[in-house]
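Visitor: Its first residue numbered 0, the sequence shown is counted upward by one per residue in numbering that gives the first Met the number 0.
None of these hints come from the bench; they were simulated from the model. Mixed in with the good hints, there may be bad ones.
[To be verified] Below 25 Å or equal to it, Euclidean Cα-Cα: the simulated DMTMM-like pairs (lysine to aspartate or glutamate) are: (1) 3 to 26; (2) 46 to 77; (3) 15 to 70; (4) 19 to 40; (5) 46 to 1; (6) 46 to 56; (7) 19 to 1; (8) 15 to 57; (9) 3 to 43; (10) 79 to 56; (11) 3 to 40; (12) 48 to 16; (13) 65 to 77; (14) 79 to 1; (15) 79 to 47; (16) 3 to 16; (17) 65 to 31; (18) 3 to 53; (19) 3 to 47; (20) 15 to 47; (21) 15 to 31; (22) 79 to 23; (23) 48 to 23; (24) 46 to 23; (25) 46 to 26; (26) 15 to 53; (27) 79 to 26; (28) 15 to 56; (29) 79 to 43; (30) 48 to 1.
[Stated by the list, open to error] Pair ranges (Cβ atoms, derived): (31) 16 to 76: 13 to 21 Å; (32) 76 to 3: 38 to 46 Å; (33) 48 to 79: 26 to 34 Å.
C-beta atoms are modelled at their ideal positions from N, C-alpha and C, and glycine is treated no differently.
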Amino acid sequence: MERKSLFGEFLRDWLKENIKYLGDYVEPSDQDYIARLRARELTELAKEKGYYADLVEELRGQPVLKFIISEYWRVGLEQKVLHSNSINSSTSKTVR
Numbered sequence: 000m001e002r003k004s005l006f007g008e009f010l011r012d013w014l015k016e017n018i019k020y021l022g023d024y025v026e027p028s029d030q031d032y033i034a035r036l037r038a039r040e041l042t043e044l045a046k047e048k049g050y051y052a053d054l055v056e057e058l059r060g061q062p063v064l065k066f067i068i069s070e071y072w073r074v075g076l077e078q079k080v081l082h083s084n085s086i087n088s089s090t091s092k093t094v095r
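Could you put the whole structure together from the sequences, leaning on the hints where they help?
Guide: Okay, structure coming up:
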């Protein structure tokens, strides 16, 4: 398997396991702490697995922390859309 696809698989798996919707109830200072912790974990694991250069290349100079924060936003938005769609779906069923 090509190195780039191995790294892509590594990154997808790591994100799936470690970046979850935090909910609106998590304090901003706690969100910041969690994002910094995850950024450090990803960086250390990438170094350990020999993917650090691939990570830097993938992020194109963007700090790992900024990438992690954007992933939390993405997951949060997806969760809100899913929640909104389920509310709209259940509302349309009861209105009939």
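Visitor: If a hint holds in the structure, say so; if it doesn't, say that too.
Guide: For each hint, the structure was consulted:
As the CA atoms of residue 3 and residue 26 are separated by approximately 37 Å, the hinted pair breaks the 25 Å bound. About 30 Å separates the Cα atoms of residue 46 and residue 77, which puts this hinted pair outside 25 Å; it is violated. Our distance criterion of 25 Å between C-alpha atoms is met by residue 15 and residue 70, whose separation comes to about 10 Å. Restraint check: the Cα-Cα separation between residue 19 and residue 40 comes to about 15 Å, which is no more than 25 Å; the hinted pair holds.
About 18 Å separates the Cα atoms of residue 46 and residue 1, which keeps this hinted pair within 25 Å; it holds. Of the pairs offered as hints, the one joining residue 46 and residue 56 holds, with about 13 Å between alpha carbons and a cut-off of 25 Å not exceeded. Note on residue 19 and residue 1: the hinted pairing is violated, with a Cα-Cα distance of about 28 Å set against a maximum of 25 Å. Using a Cα cut-off of 25 Å, the hinted pair residue 15 and residue 57 holds, with the two alpha carbons roughly 17 Å apart.
For a cut-off of 25 Å, the pair hint linking residue 3 to residue 43 stands: about 19 Å separates their Cα positions. Of the supplied pair hints, the one linking residue 79 and residue 56 is violated, its CA atoms being roughly 31 Å apart against a limit of 25 Å. With a C-alpha separation of about 20 Å, the suggested pairing of residue 3 with residue 40 holds against the 25 Å cut-off. The hinted pair formed by residue 48 and residue 16 meets the criterion: a straight-line CA distance of about 17 Å does not exceed 25 Å.
The hinted pair formed by residue 65 and residue 77 meets the criterion: a straight-line CA distance of about 18 Å does not exceed 25 Å. For the hint linking residue 79 to residue 1, the alpha-carbon distance of about 36 Å lies beyond 25 Å, and the restraint is violated. The straight-line distance between the Cα atoms of residue 79 and residue 47 is roughly 35 Å, outside the 25 Å bound, and the hint therefore fails. Taking the CA atoms of residue 3 and residue 16, the gap is about 20 Å. The hint holds against a cut of 25 Å.
For the hint pairing residue 65 with residue 31, the CA-to-CA distance comes to about 11 Å; that is within 25 Å, so the pair holds. In summary, the hint linking residue 3 to residue 53 is supported, as the alpha carbons are separated by about 8 Å, within the 25 Å threshold. Distance restraint check for residue 3 and residue 47: the Cα-Cα separation of roughly 16 Å lies within the 25 Å cut-off, and the hinted pair is therefore satisfied. Distance hint between residue 15 and residue 47 is fulfilled; the C-alpha atoms sit about 19 Å from each other, no more than 25 Å.
Restraint check for residue 15 and residue 31: the C-alpha separation of about 19 Å stays at or below 25 Å, so the hint holds. Pair hint residue 79 plus residue 23 holds up; C-alpha atoms about 10 Å apart against a cutoff of 25 Å. Our distance criterion of 25 Å between C-alpha atoms is broken by residue 48 and residue 23, whose separation comes to about 34 Å. Taking the CA atoms of residue 46 and residue 23, the gap is about 32 Å. The hint is violated against a cut of 25 Å.
Annotation: proposed proximity of residue 46 to residue 26 is violated, straight-line Cα distance about 30 Å (limit 25 Å). Of the pairs offered as hints, the one joining residue 15 and residue 53 holds, with about 18 Å between alpha carbons and a cut-off of 25 Å not exceeded. A hinted pair counts as satisfied when its Cα atoms are at most 25 Å apart, and residue 79 with residue 26 qualifies at roughly 18 Å. With a C-alpha separation of about 20 Å, the suggested pairing of residue 15 with residue 56 holds against the 25 Å cut-off.
Distance restraint check for residue 79 and residue 43: the Cα-Cα separation of roughly 31 Å exceeds the 25 Å cut-off, and the hinted pair is therefore not satisfied. Between residue 48 and residue 1 the alpha-carbon distance is near 15 Å, which keeps this suggested pair within the 25 Å criterion. Taking the beta carbon of each, residue 16 and residue 76 are about 20 Å apart, inside 13 to 21 Å as hinted. The hinted range of 38 to 46 Å is not satisfied by residue 76 and residue 3, whose Cβ atoms lie roughly 27 Å apart.
Remark: the range hint 26 to 34 Å for residue 48 to residue 79 is upheld by a beta-carbon distance near 33 Å.
Hint check: violations occur at hints 1, 2, 7, 10, 14, 15, 23, 24, 25, 29, 32; the rest are consistent with the structure.
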